[in-house]
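Undergrad: Chain residues, written in single-letter form:
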Amino acid sequence: MDHNYSGILVYLQQAGGGIFSGSMELLAKAIELTQEDPEAEVYAVTAGPLSEEGLAKQLAGYGIRRLFLYSIPADGASLHALSADLVYDAICQCRPAVVLISATIEGRILAPALGIRCGTGVTADCTGLRLEPGQRLIQTRPAFGGNVLADIATEHSRPQIATVRPGIFDPAAPHSGSEAIPYECTRLTAANAAPFALLSHHPRHPGISIESADRIVAIGAGVRSREDIQLFEDFAAQIGAVLACSRKITEKGWLTPDRQIGLSGRSVAPKLLILCGISGSVQFLAGIRRASNIIAINKDPDAPIRAAADLFVEGDVYEFLPALSRLLREE
Amino acid sequence: MRILVCFKIVRDLDNVIDSDWDSERDPSFRIDYTRKILNDADQGVLEAALLISDREPGTEITAVTVTDDDGASFFTGLFAAGIGNVVRIAPEEDLTLRPAATAALLAQYAAETGPYDLILFGAQAPPGDSRQVPYAAAEMLQLPAIDRVRELMNSDGRITAVRETDTSLEEYELLAPAAIIMENPVHSYLRLPTLRERMKASGKTAELIQRSAPALPDAEILGFRPARIRRDGRMISPEEAPDLLADILKEL
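Taken in sequence, the protein lines are chains H and G.
The first sequence maps to residues 332 to 662 in our numbering.
The second sequence maps to residues 47 to 298 in our numbering.
The hints are simulated quantities; they were obtained by calculation from the structure and are not laboratory data.
Be a bit skeptical, because a hint or two may be false.
In silico DSS-like cross-links for lysine-lysine, where the CA-CA straight-line distance does not exceed 30 Å [what the hints assert, rightly or not]:
#1 G:296 with H:602
#2 G:82 with H:583
#3 H:630 with G:250
#4 G:82 with H:579
#5 H:630 with H:579
Here are the in silico distance ranges between beta carbons for each label pair [said to hold, decoys possible]:
#6 H:465 with G:161: 38 to 46 Å
#7 H:363 with G:272: 22 to 30 Å
#8 H:352 with G:140: 33 to 41 Å
Ideal Cβ placement from N, Cα and C applies to all residues, glycine included.
Extracted from the complex, chain H is given alone in its bound form:
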């Protein structure tokens, strides 16, 4: 193994006119991990349409040793195709021991491609990171439907690449009085066009962020029809909650995928989660472990969801919710 790798490179994903919050969390983690090792520096790489001057100023004070910035027009398909090339270029330049990428849609595509190009291992969807002497990264991730945690290390190659779920770490806060960070900017065109011709693009209403919701009402197979969803929408609105669902509902096309909770959906951490007609499959439960208070309503007293809930109401949601809604209105 080549021991000439040192430091942590963080991929800063651009989103919504700024840097994605999950990437800022990774920046904070990188700074924390390197504090004990004076030889370990923090680098950052980003690609997209944000201006270089703005980014360099925005990121000043975060202790980044060097920023690799690739300026490219806003064209999601082109960026998607190019991002592995660009991050690989940054890796070749700074030779980090660790590369951290937020486990977004983009990050999940980027990391495996980088792993193959670098000839190294990738650990996806980490929920814990620990840096040992020699900049050996211990990566912790859920496995077997989230029922166990696996501790993983990339022993024989560098860099060690990990994607991390958003919302696991706290975002970085700048230090005061720091100078603007050194950066180098490479301007690219969209000449390396997306490999597939876009025939049509239909924007939809901006997705609901169930990951950041404090209150969630989630529905599952117990909902009988698309029309019945209105009952749950109304209840959710009444208590200031967001409506989410299990995969059974998105499979039917009754709600969009951004509302889906579970292994193939989102992981949520609300203060209150009310589950209506959800049985509690392993895949679903993996997405609700960080919820503070879970209340499940289900006709089946033996449903697996009962063991995962704080309170379990054995009953029909179609009778129970209207009763609860009436009581809340009266109060």
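With chain H fixed as given, assemble chain G onto it according to the hints.
TA: What follows is chain G alone, placed relative to chain H:
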């Protein structure tokens, strides 16, 4: 047209005994007593390939899986559903949570037996659900990849893909060869073959290839530990629940 569909036979994790999740285990953690099922995410992918074939007779479909399990009953079902060729790659080592090695075996098979116009994948599979295999395989094969595909359509030699993101629905024209990663497919279940189709397929067997995964640096498992957070699951009656929940809502 030639299509390669990568699928996986997995253990039904919903049938694991609760206590089996709660002990510290070494990396050889296995749950062999649970029943095997066709990975949910791959059913729709297999069906998508068959739908393409329905629209373009003469399409050759090969379904390939990397597994040390003998999945004879599943393979018969695939033949009966209309898959022309089923291949089982039996690795010589345990590839649990080793997506790069799994991807390498699939890519190697695709390179040896290709070219394929389309290589189809489901988005993820237990026990890792890491979503790495499709992208790693596409990278190894130097194929353009498109993800979050819900539907594939073909007519007059053109292939289009409907891709769904959180904020948009997009339609792309695909140029072969390409890797397609399907997620939440419109047709999410594999068709059920008739009894006659099953009987006709009963004599067919999957091609078995035994090989060792290419020596690739990969992340290695150090160990497993319990993750389940048990909650009280206190049962309350529907009669007392509204008042109790109203109080909780006031507090939170």
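Undergrad: Against this structure, judge whether each hint is valid.
TA: Tested hints:
Only pairs whose Cα atoms come within 30 Å are accepted, and residue 296 (chain G) paired with residue 602 (chain H) is accepted, the gap being roughly 12 Å. Only pairs whose Cα atoms come within 30 Å are accepted, and residue 82 (chain G) paired with residue 583 (chain H) is accepted, the gap being roughly 25 Å. The hinted pair formed by residue 630 (chain H) and residue 250 (chain G) fails the criterion: a straight-line CA distance of about 44 Å is larger than 30 Å. Between residue 82 (chain G) and residue 579 (chain H), the direct Cα distance comes to roughly 21 Å. Compliance with the 30 Å bound is thereby established for this hinted pair.
Restraint check for residue 630 (chain H) and residue 579 (chain H): the C-alpha separation of about 17 Å stays at or below 30 Å, so the hint holds. Roughly 44 Å separates the CB atoms of residue 465 (chain H) and residue 161 (chain G), a value that falls within the hinted 38 to 46 Å. A C-beta distance of roughly 26 Å is found between residue 363 (chain H) and residue 272 (chain G), which places it inside the suggested range of 22 to 30 Å. For residue 352 (chain H) paired with residue 140 (chain G), a C-beta distance near 37 Å keeps the hint of 33 to 41 Å intact.
In summary, the structure is inconsistent with hint 3 from the numbered list given earlier, while agreeing with all the others.
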